[in-house]
Amino acid sequence: MNSLERRLAVALSLSLVLSFGLLWAVGNATINALTEDFIAARLEHDAETVLAALTFVDEVPVLESDRVDGIYRRVFSGHYYTVLAAGQTLRSRSLWDEALPVRQLPPGAVDVGRLDRFAGQTLLLRTAGFEKQGHALTLLVAEDISTVSASLRRFDIAFAVATVLTLMALIALQRLVVRRGFRPLDRVTAAVGRLERGEIAELPESVPAEVRPLVAEVNRLLGVMGRRLQRSRNAVGNLAHALKAPLGVIARAAEEQPPGIVDSVARIREIIDHELQRARIAGTAAPGQRFRPQRELPVMERLLHRVYHQKPLRIEWAADPALELPFDRDDMLELLGNLLDNACKWAQSRVRCEVRPDHLVVEDDGPGCPDEELAHLTERGVRIDEGVPGHGLGLAIVKEIADSYGAEVVFDRSGLGGLRVEVRFGPVSSVGACCSSAEPSAGERPPNCSG
Amino acid sequence: MRALVVEDDLELAADLKEELVAAGFAVDLTDNGEDAEHLGGVNPYDIVILDLGLPRRSGLEVLRHWRNAGNRVPVLILTARDSWPERVDGLRAGADDYLGKPFHTPELMARVDALVRRSVGRAGEPLEVAAVRLDEERQEAIVADGERILLTATEFRLLRYFMLHPGKVLSKGRLTEHVYEADEDRDSNVIEVYVNRLRQKLGRDVIETRRGQGYVFGAGRR
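Sequence order for the protein chains is A and B. Plus 576 on top of the position in the first sequence (first one is 1) and you've got this note's numbering. Plus 8 on top of the position in the second sequence (first one is 1) and you've got this note's numbering.
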């Protein structure tokens, strides 16, 4: 059981049940003992009356009937006595011809007991040993306590019912209190979810003091991460800028040189490109930087038409106008851009792109890839060969971005005839799909398998 | 055709200018954002090649200011910052095309050409108006009987501007602005001289004079 709330609720309920059970048991026992003590005290008083009426005449015990209460003469009145003295047994008339169990007791000894089912009555018996006029005697006085027992039982039941009801009410109340107490934590959980989906930039800090340090720390780390990403992206941009200008001069100068130099310059450029691109991957949804396909795709389409202006390309794309993917915008632009670029490079005339909440597909009508190559590209953990100039640089970066989001890249044959690349996002997040194809290589490679 | 090259790498800028001039452009150069914004605001360029990392004012800012002021000049961004997010943002800021550095010069020239043609609504097709065909590679005009006529650089620029705007009245001032660089001597009478030379080479009625308004190329003879 990992929920604090449930743990708390169970522990509190358990302690409530235990203390109420104890309360009930003690209360019950006390009331019963109290009643019994009270009646026993009355019986002691009765015993003294009987004792006063007892005299020994010629060593024979005699009870002067008129000195004891008339109630002892009424049959089964509920009040009884029995005297054992000098080998004789005197019984009250109320006993009729029943006998009560009497045990001889030495003077001073007292024994209190119960007798159930005596002529339909429950009796409390008090037996005591006395000495009177030099004779040891045992006197038993009994009283019917059925009425008192019945009210006691009623009280017991009422007490139990009240106890259980109060217990249930308290448990319910305590549930409510716990629930309310944990509500701020629910808000934090919900906020974390929204943060994950990129809906908010940081967690609200209006939370209970117990979790505030945690929330504050998360926010601080978010800030640090965001700034670090921004810094490294800027640094990467500056580095690219700084490197590319001299490289451009070299490339232009190399245009008049033997092809080997041009290739080397191109290769240097690709290495720089790739490493810089890799350094830019955020790999998480940056708050407030969600990817909106509907907003970005038209611009990307325009860009691609410019780049491939010498080709009659039809770029079709489909995405729900309201779709927002909870991924870093720059990462998604880079991923989709590379897939689309690759597709356009190989396409004869058509490129199709589809973005859905959980996947995106990019496909083209180019030459495609041989099946074994497709299977190889799709394998998890396979790094697309970027060592060969002109091969798969774009797809390599696509795979790396996908990896950093836990997404899967699947290469397949397209219905259009060329390559179909699908990026499947993990179950946690939702993403759309787009189209793709492999890149051509400069020369002898199978068409469309770009690295 | 007049081009503005905004580039702070002077060596690259010089190379670019050379290529563009060879392709028949009158080229103005500047190496900072402020001057670029001013030049683009006062001169009717047919294309601007804009770097982004500029001293004094960034290229994107210059571009946004132009667009906000209603300046629709075709702009090609030429920058080392060519990641997809940067390219998308560049287009969104109003650029018409985006090319990363380093680049292949033929690719740049093809993109510039495509942009210029798109901006006058003539994408792709070879220029052919009023039985005159322009060979832009060799900067020669080909007339009806297949004869190739050599053109000087200025004649070529003027003829191409005429042919990109056929049937429209073009004033001497407008022709001057599109054919000459900013620091060249701009006597509009020189236009008359070049118009006459083109008439001598291509035939008198190829260019019509509209008194007080300007010239019309290929009116009624298309």
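If you are wondering where the hints come from, they were derived from the structure by calculation, not from laboratory data. Note that the Cβ used here is the ideal one computed from N, Cα and C, for glycine as well. Certain hints may be false.
Label-pair distances were calculated between CB atoms; the ranges are [as the list claims (entries may be wrong)]:
#: 1; chain 1: A; residue 1: A811; chain 2: B; residue 2: H112; range: 54 to 62 Å
#: 2; chain 1: B; residue 1: P114; chain 2: A; residue 2: P834; range: 36 to 44 Å
#: 3; chain 1: A; residue 1: I837; chain 2: B; residue 2: R205; range: 37 to 45 Å
#: 4; chain 1: B; residue 1: R146; chain 2: A; residue 2: A777; range: 54 to 62 Å
#: 5; chain 1: A; residue 1: V838; chain 2: B; residue 2: R205; range: 50 to 58 Å
#: 6; chain 1: B; residue 1: G154; chain 2: A; residue 2: H952; range: 50 to 58 Å
#: 7; chain 1: B; residue 1: G49; chain 2: A; residue 2: P834; range: 44 to 52 Å
#: 8; chain 1: B; residue 1: H73; chain 2: A; residue 2: V838; range: 53 to 61 Å
#: 9; chain 1: A; residue 1: V800; chain 2: B; residue 2: P114; range: 45 to 53 Å
#: 10; chain 1: B; residue 1: G49; chain 2: A; residue 2: V838; range: 38 to 46 Å
#: 11; chain 1: A; residue 1: E892; chain 2: B; residue 2: P114; range: 41 to 49 Å
Query raised in the report: Broken hints, numbered, in rising order?
Result: Numbers 1, 2, 5, 8 and 11, in rising order.
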